[in-house]
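Student: Chains as they are written, first to last, in numbering that gives the first Met the number 0: chain A, 0 to 312; chain B, 0 to 266.
FYI, nobody ran anything at the bench for these hints, they're computed from the structure.
Accuracy of the hints is not assured; some may be wrong.
Only pairs whose alpha carbons sit at most 27 Å apart, straight line, appear in this in silico DSS-like list of lysine-lysine [to be verified]: (1) A:K207 x B:K4; (2) A:K124 x A:K207; (3) A:K207 x B:K131.
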Amino acid sequence: MHYVLKKTGVLLATLLLVSLFAFLAFEIIPGDPTTMLLGSDYTPERAEALRQSLGLDRNVFLRFFDWLCAFLRGDMGTSYSYAMPVREVLRGKIAVTAVLSLMSWVLVVSVSVPLGIALVRYQNKAFGRICNPLNQVIMAIPTFFLGILLTYLFGLVLKLFTPGRFIPFRESVSGCLRYLLFPALAISLPKIAKTARLLRASILGEMKQDYVLTAYSHGNSRWLVIRNHVVRNALLPVVTYLAMSLADIVASSIIVEQVFVVPGLGRLLVASISNRDYPVALSIVVMIASVVVVMNYLADILTQAIDPRVRLS
Amino acid sequence: MINTKDKSFRIGAGITGFMLLVILLGLLWTPYDPNAMHAAEKMASPSLRHLFGTDNFGRDIFSRVVQGSGATFLIALCSVGLGLLFGLLIGGLTGYYGGWVDEVLMRLNDSITAFPSLLLALVLIAVFHSGKYNIILALGIIFIPSFARIVRMEVAKQRTLDYVQNARLMGVKDMRILFVHIMPNILPVLLSAVAIGFNNAVLAEASMSYLGLGVQPPDPSLGRMLSEAQSYLLRAPWYALSVGGAIVLLVLGFGLLSEGLGGESHA
Numbered sequence: 000m001h002y003v004l005k006k007t008g009v010l011l012a013t014l015l016l017v018s019l020f021a022f023l024a025f026e027i028i029p030g031d032p033t034t035m036l037l038g039s040d041y042t043p044e045r046a047e048a049l050r051q052s053l054g055l056d057r058n059v060f061l062r063f064f065d066w067l068c069a070f071l072r073g074d075m076g077t078s079y080s081y082a083m084p085v086r087e088v089l090r091g092k093i094a095v096t097a098v099l100s101l102m103s104w105v106l107v108v109s110v111s112v113p114l115g116i117a118l119v120r121y122q123n124k125a126f127g128r129i130c131n132p133l134n135q136v137i138m139a140i141p142t143f144f145l146g147i148l149l150t151y152l153f154g155l156v157l158k159l160f161t162p163g164r165f166i167p168f169r170e171s172v173s174g175c176l177r178y179l180l181f182p183a184l185a186i187s188l189p190k191i192a193k194t195a196r197l198l199r200a201s202i203l204g205e206m207k208q209d210y211v212l213t214a215y216s217h218g219n220s221r222w223l224v225i226r227n228h229v230v231r232n233a234l235l236p237v238v239t240y241l242a243m244s245l246a247d248i249v250a251s252s253i254i255v256e257q258v259f260v261v262p263g264l265g266r267l268l269v270a271s272i273s274n275r276d277y278p279v280a281l282s283i284v285v286m287i288a289s290v291v292v293v294m295n296y297l298a299d300i301l302t303q304a305i306d307p308r309v310r311l312s
Numbered sequence: 000m001i002n003t004k005d006k007s008f009r010i011g012a013g014i015t016g017f018m019l020l021v022i023l024l025g026l027l028w029t030p031y032d033p034n035a036m037h038a039a040e041k042m043a044s045p046s047l048r049h050l051f052g053t054d055n056f057g058r059d060i061f062s063r064v065v066q067g068s069g070a071t072f073l074i075a076l077c078s079v080g081l082g083l084l085f086g087l088l089i090g091g092l093t094g095y096y097g098g099w100v101d102e103v104l105m106r107l108n109d110s111i112t113a114f115p116s117l118l119l120a121l122v123l124i125a126v127f128h129s130g131k132y133n134i135i136l137a138l139g140i141i142f143i144p145s146f147a148r149i150v151r152m153e154v155a156k157q158r159t160l161d162y163v164q165n166a167r168l169m170g171v172k173d174m175r176i177l178f179v180h181i182m183p184n185i186l187p188v189l190l191s192a193v194a195i196g197f198n199n200a201v202l203a204e205a206s207m208s209y210l211g212l213g214v215q216p217p218d219p220s221l222g223r224m225l226s227e228a229q230s231y232l233l234r235a236p237w238y239a240l241s242v243g244g245a246i247v248l249l250v251l252g253f254g255l256l257s258e259g260l261g262g263e264s265h266a
């Protein structure tokens, strides 16, 4: 309990620091937002008046505090390029990215664990000999190139989906999920390769322990030893890794959304940085960063919940 | 310390060596001028005349991939160099002297490295704006914490060893001990970190340029070419394949090299 409290304290401090850093980063950007907002109507007097009405003449930390309070209430400011509240701009996009990330994560969890065990079980069979080098290659393919390969194969050759034509939830839930399956594959394939390799290494490491010898001496076959004794222990580091990888997946969705033209947070973030729409960019960065911090926190808590050794040390 | 018989090391060194050779050769000679357009040969499929075919302007893709690999490699080289330089300084000093500065910097370090580097790169590019030199600066800054952490850990380990104590007793100055006596001993670990640094740098440069936030036209880059190639995926799939293949070879080579040098790959 003490551990959880301490971690929660650290979590809150990190969240505060992260949002302060993001705020300051977008604050030191060269150029004055008033120049852009006023455009051709620019005069020094108008700029001064606008600066006062936006509160830009006040201390930066006071402004951070105001911004944070407003952000927590759900008021994220006004987008420069859409001239409407950031909240309206983000509406619907969060759900798309959340569904895409969750789908990828479910794929990673459900495929990598059986695959990792199979890699050890059939280590010296053809399966192991093909899968191990294949894993290495898949891990080296950047997600965006993998996305392009999948677009070509499933979209243009097999025509299982129309690249670039995203189907919104409202039109058809199954159509939407079907379209999102391909970006989810692009995100999860390298992660599956990596997690399976990690599990394989963990099992092989665990096989050197004394209790494995004992299990063999009871007459168990290699597979039975792995299934009944080793897997449970070997999964520990993998569970932590899987919990933490959800944050990574959210980050890779930024780029995969661009490849498959999925209207989610990532695509909006890239567009808002290109258009210098900083209120939108700042809100998305803080949101994604908070997800990352919270996921890492949950991974820590989960690890100590399932592994008493962490609690003691 | 380096096990040259290691399979990962050998394959990685082979791939990286091959790519470097092609890049070096490309500085002196490419089959065609990478920017010369031939209206008569638009979207030609791969042949003996054009090894990887031609693009929508009739430019030779092989020449362009060689040039783009060189540009991407150069950016990786500069940003890893930048990260390594400051990482060595910060990590070396904090690891050698310790104290509260060390404590604070390492806490800060931990929280930065927990973040996906793509998100950090996006924030830094929002601050600096896109462009060749800004992407080098942004990636360099992102690499400092991981290099600093590795250097700090190794220096802190070496500091307690007898040879350092002896040098100190003989009156050798701290800076000389740190950079002349300790540094050569942490070289093997550093090499592995540099290899994984290159792996990450190539990936990050290609990602950012693919998103349109990295290298801007007319500067060449593999990432930018890949986003162009995506528009012609149906009519010229070889374009995307050869550009992507070059990225994969660079990433795979450095990744295997790092693994062979005894590091863990965390791309």
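Student: Indicate, hint by hint, whether the structure satisfies it.
Tutor: Tested hints:
| no. | hint | verdict |
| --- | --- | --- |
| 1 | A:K207 x B:K4 | holds, 24 Å |
| 2 | A:K124 x A:K207 | holds, 21 Å |
| 3 | A:K207 x B:K131 | violated, 50 Å |
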